[in-house]
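Hints in hand, dock the two standalone chains.
Letter by letter, the chains look like this.
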Amino acid sequence: MSRWIPDEPGEEAALLDALGISSTDQLFTDVPKKARIGRLGVGPGHDEPEVVRQIDRLLERNKPLAKFASFLGGRISARYSPAAVDAIVSRSEFYTAYTPYQPEASQGMLRALFEFQSLWVELTGLDVANASLYDGATAAGEALLFCRRLHDGRRFLVPASLPWEEKSVLRNYATGPGLAVEEIPFDDRTGRLDLDFVRRAVGTGDVFGLLADVPNGFGHVDESVADLKGLLGEIPFVVSADPLALTVLEPPGAYGADVVVGEGQGFGTPPSFGGPLLGLFACRREHVRSAPGRIVGATRDVDGRPAYALTLQTREQHIRRSRATSNICTNQSLMALAFVVYASVVGPRGLAELQASIAEKARTLASALGGIDGIQAPRFEAPYLGEFTIELQRGTAAEFLDRLRRKKVLGGISLADPRPGATDRAARILVAASDATTEKEIQKYARAARSAVAAVGRSA
Amino acid sequence: MTFRQAAWDEPSIWDLAPARKASAPPTIPGIPDRLRRKEAARWPELSELEVVRHYTRLSQMNFGIDTAPYALGSCTMKYNPKVSEMLARRPGAAGLHPYQPEATVQGALELAWRLERLLAKVTGLSEVSLQAAAGAHGEWAALLMVRAYFRDRAELERRTEVLLPDTAHGTNPASAMMAGFTTREIASKDGCVDLAALRSAVGEHTACFMLTNPNTAGLFESDILEIAETVHGAGGMLYYDGANLNAILGITHPGRMGFDVAHLNLHKTFATPHGGGGPGAGVLAAGEALAPYLPVPRIAKDGRTFRFDYDRPKSIGKIKTAYGNFGLDLRAYAFALTHGEEGLQHVARRAVLNSNYLALRMGESLPRPFRRLVKHEFLLSGAPLKARGVRTLDLAKRLLDEGVHAPTVYFPSLVEEALMIELPETESKRELDQYIAAFARAVADSPEHLRAAPRSLAVGRIDEVQAAREPRLSWKDLRAAAAKVETPGPVGPAP
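From first to last, the protein sequence lines stand for chains A and B. To convert, note that position 85 of the first sequence is 85 in the numbering used here; the numbers rise steadily by one, no gaps. To convert, note that position 25 of the second sequence is 25 in the numbering used here; the numbers rise steadily by one, no gaps.
Misleading hints may appear alongside valid ones.
Some but not every residue of chain A turned toward chain B, in silico, with C-beta under 8 Å [what the hints assert, rightly or not]:
hint, residue
1, Q117
2, D135
3, G136
4, V169
5, L277
6, T311
7, I372
8, D373
9, A416
10, P418
11, K440
12, Q443
Please keep in mind that the hints were generated in silico from the structure rather than gathered at the bench. What you are looking at is a predicted structure, and each value in this text was computed from that prediction instead of being measured. Glycine included, each C-beta is placed from N, C-alpha and C at the ideal position.
Next up, chain B with everything else stripped away, as it sits in the complex (with noise of 0.2 Å):
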């Protein structure tokens, strides 16, 4: 396939129109001087073409799922479909405000509550609040649950550490320490979990185990039950991070392997677009003993009334303003709608078959690690590539050539030079096919080829080296380096 990217010429914003000396805004009665902006802020003054334009041209110097296939391993980058899209911008949707009266928006509560029992069915867990605003931000607020329970036990000055398999998401042990526990990594082994270092690491200062399964290597960690024995039998709790729901929908879920609490991200599971690095949106679901501690509100049904419930005493409070990400949550409403009983069964089938299907054809270009089933991605090793000079990153940009996106790079970190590859359900086996022949190419391609990649794109090879040493933050900043007055101060240590 012959690719090339629009590579536009394209001014920053700033620069599409000259400079002009800063009037002063309007004044507003009353607001004191001291408080008064004495001079407007710099921004340029355009006209709505001049704006459009330029956004579409940076627009065409972007990848999206729409223009190319998205092998992110652990993103689960499937189609977004347009219906939601559509719906989400109802009047009856995007012109709701969250503090209007309960009465007003009867619709909305019992959408939100109906997809919270879905969802509580997918999980197989009592209780689910969609307040959260993205995975990493469940995490915590999950965690302070764990938190807030083991306070009402008495348990918490004891219970203060947090373990994690070594393949967690980075999100993983970062939430841990937000919510003020320490963390340790258990080892794995043959890329799952290995019980008998579980096994030794809990005990009574164990607080909770996170575990994501299928896991960042594509595996299914088939002692997922003696997993949760063990942490239960320590008086721990099990925490599912369910980044990967996608390879288990209607297979098995977090209630049935004795998780206690999860949280979902409805960008990728349920399709709801990423919008190049969010929104995204992180479903809390919560078994018996955490349920009571979900944020509030809840939302109540009382008859054919759903209302807001705010007496839960246990509850940890508020995460976020308002009640999460309704227009997304809307959006993974209508996916789920769509397909149903049997659809939801059909999407993790066909994500794991795709899967398995291009593990088994790309592990023809590279060593596969770990050679068995995997479910909705697997990991490939680039360490061969060393001895021709190339690296697992030069691979990953001479992929972007081909006109589709790298898959995730070096992570997890018991591979070496790690390729983590998932292309889900909405890929035909035509667009795998491309997609497997357009990996053979690059690592076939010479190493001088591989290591000058990218050619096709709006720019070449960036020096992200050089980003962080001398960093360049914003339009102040570049303003100070071409005016060469104020060079940008030092940006400290760190921390």
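For reference, chain A alone in the conformation it holds in the complex (with noise of 0.2 Å):
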């Protein structure tokens, strides 16, 4: 029996005479006979040693991303996190924790989740951050339908450079109350948004939202997000920011983002395969009580000392049901916790510069890619900071990865929607430098790709 039910001899024997019974069947004799169940049919237990033993041969026919020169990228980062994140994130009064529901025995975590809500106040330029979302996709979700408490219509404006699976999830969080997700087109040549697009569709006088990425979905910084404020005027408008972009980017507060959600997982939560991750979300102090998500406040304690409790709860489920602004309950606090350590060791300096040096790579990674015949690199004209797109002129992207992999290089993320029906057929690859990256991994990249992309010329 597991060590983690306590069982010292005697004891369940005490409670039992306690209550005057003699078996535990006897707990459940109100759980009538026909609803009872024979076994799980879930095989016996097993003592530590052996859980490990049986974890680590499953885990060791993964092979992680330290066995390749990895460009890998997209919303989810690997970068290295100094040991120190982990160690606070381990200290069990942290992950042991409940929700803080009695503020007086929480403040340490309260504490904590109030930095964090300021730093991404002070990267966004906005006034108020919640306490954190499930992911960068259901923050944009959660801000879809924020707009739509603030503002009337119909329509949900989205770059079509999206990646799929955030306008899917988009799409889901659209679909209860009847509101439709629309696709902005971008410029062949340069990723760039139709702005004329979005002109058209706001004179319909049915657009409630509108969100722009930064970078977008292709990796590029697009100038025109900078002009959206002026063609949407009372229409809030929602900026997706990778946070290590805006320690070297203008806060979307600046150029007139009313929302800015992001993924903040890259900031000291290891990738795990996708999961736990961290939606970031911040508005405007105004709209403050139509947001989602908990948030941390300042007040004091009954002899005036500072004191932090989670506030304006009228908002939420637990009290408002089925009026609240949202379902959400369980967050990502402990990965909240990460985000504002991470930031504290790496330091405001050392952040953007570091943002510098992997764009640096980046850019070394485009010229050694771009000289590749059958390669477009990058794919669109428009800067970039740690990501580009490529396109293969020839054979599909899973056939050029799988030929990279082999040669142990994990070579970027298929952009296109792996659903059966999916329309968009283009050869992209989403590449991504990260501080990782090495001089001599770009070289056999390029390598590996060069090889590769003859080799689909042979058997095409």
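Okay, structure coming up:
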């Protein structure tokens, strides 16, 4: 029997005695016989060493990123996180805590979350941040619903270049209230948003919000985002931004963003096959009562000392039920803690320099790939930071990436929607440089890419 | 027990270093000037030791399961095994990118597949997806599946209503609203669903009935088979909120009780840590009718190879980035593997034994509204305290002074001044007896002490009303308040 259930001799008997019963069976007489099950059929339990052996055997069948020259990015980052971050996140006063419903007993977490909120406010140039949402995609979904609370209309505009996953998530958020997610076309040469499309859509009077991502789904920084608020006027404007990019880019609040969401995993949380992640959300002060999620506020205790507590809870499901701004309860607090610890250990200068150095590697990578016949790299003529998109002139992204993998290169993320019936079949690949990228790896990628393209050419 | 929490006079992180004039961050070639940051983000430059010391001090002003029993009802605050923490940090788990080629993540896919199969058995439902990030996320996704199902049957126009008992978790009605349904609450009778009220409420407008069983009063809904028959008879779906699954592991399961779809909270029943509010992991399980609507991708097994299957034409699509909180799924798998068949049964039995013992003994201090067998949790009413000028809130704060975490308070609303208490299977009888004694001391304490509590923590009683009246939500607000140059503006009317 597991050590996790206490079983001191006589202990269970004493509990049963106190209740005047002889067996735990008597605790389940309220479960009707017809509802009872026999066995679950899940097999026997194991002691700790055996559990470790079995799980390690599975994990050994994985090949972690470190075994490759990896150029995988997108919203998920494998950036190095200083050991100090995990040391703090591993403090069990933090990770074994529940939601701070009793604020006096939970000042540590509340204060860390308040610092996290403050940091996201600083990076975005907005006024208020919440204490986290599930991930960047669901934060965008919550932003969609938030915009609808602020403005009438049925249509929500997003770039056609947004990753297919995020579009799918957004469409799910839009389904319940019967809203439509519409795609803004992009210029084929630059990948930039078609502002005329936006202008015409706004003219119909039926648009209740627009989301643009910085960098965009192709990895590029599209200057048009700075013109969007001018076109939108009163219509809420959402920017989905990468937090590291915001250490070198203008805060979106400065060019009119009403909401800034993002994926915060790259600040101190390992990729872990895609979860847990960290959804970031900030908005303007006048809209905070429409915001989703928990918010920590500063107040005082009875003796006048500074103290912190969850606040504005009348927005939330446990108070307002079906009229809440969102159903969210559990969020990603521990990842929010990692975010603020990571940023504090690396420091604001360190973060901006990190982004600059990754951007430099990305430029080296682009010029190494750009010279290869059969690959357009970058595909779009637009500035970028750490990532850009390439396009293959022959063959599929899947075949190309598989050939690279066999040479120990993870060459990027195919941007195609993998669901049958998806229409866009362009062989576009999002390629990311990272802090770990070396000159040698870049050359390795270029060599592998050259031979992969040649092989595809031969087989075609 | 005498108890004193650390009370560091610790400044906020931005007060640890003097403010410096912000310089411009480095320029990235090609970035247009209007999008270039002109001033570096204001955040302190600190040594690593300063940062570590700051957050270590903060951690010492926080309760966790490792420091104190956490009697929060419906939260199932059980021990978070250390071995799971160790395993989740292995490079073969933490160091995987979700978009690596499938050939390089066969072990992760197999682990997820195995956990799905195991949870299918635990729930008695045919298919499982691990994509949901948390319980509420799973509720919403499941209701979108119900929506898609009725759309396919051309019944969505009339099936617009989700029914729930008045004891439902707040997430249930909020999820129903987000999924585009209206909600109607069914009044409880003696703490359980009033079958007659349900029968008169269901009809051709019913899309779904959402139920937690055992419910939030800690009672098993013994009419569950009749409830299922009633909902199905009206053509509706039955939804299982798995927040309280811990009490029935191996005794019964949602499938046998007649549920069509369920979510589980791995951060409750399967012991993954809750991180001070998150992360969670919200499994979705569906029976045959709804399984085709589960989010993509699903994990498929071809011979000995695992792959993502996107070919699910009826799927609702994606509900989040990647495939779910894999780091938590791994911990849950370690929990399940450790316990196995006998262990999981023992989990439920011991959790329910603890709960009934606590109910018996703590019921000597305050009245218990439903004096029956309870499951994972039970309710007490703090109403008698009012005669002494004391409320349940005061009692909760006074308990903190005993070095234990308070129960959930003021929920569910069907009990006046409610306390909802749960100490799961990982608490020993000694811990239970100490909690019972602490509770008795707190109840018996003088009204002055109760109202003045807590007195042993980093701060005293917090003015939460003030926090909402004059919201100060970031460093920016604190700066503004300190400078008094710009008072924070209004936060707008409540929606």
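Here is what the structure says about each hint:
no.	hint	result
1	Q117	5 Å, holds
2	D135	5 Å, holds
3	G136	6 Å, holds
4	V169	5 Å, holds
5	L277	6 Å, holds
6	T311	4 Å, holds
7	I372	21 Å, violated
8	D373	25 Å, violated
9	A416	11 Å, violated
10	P418	5 Å, holds
11	K440	20 Å, violated
12	Q443	22 Å, violated
The structure fails to meet hints 7, 8, 9, 11, 12 from the earlier list, while all remaining hints are met.
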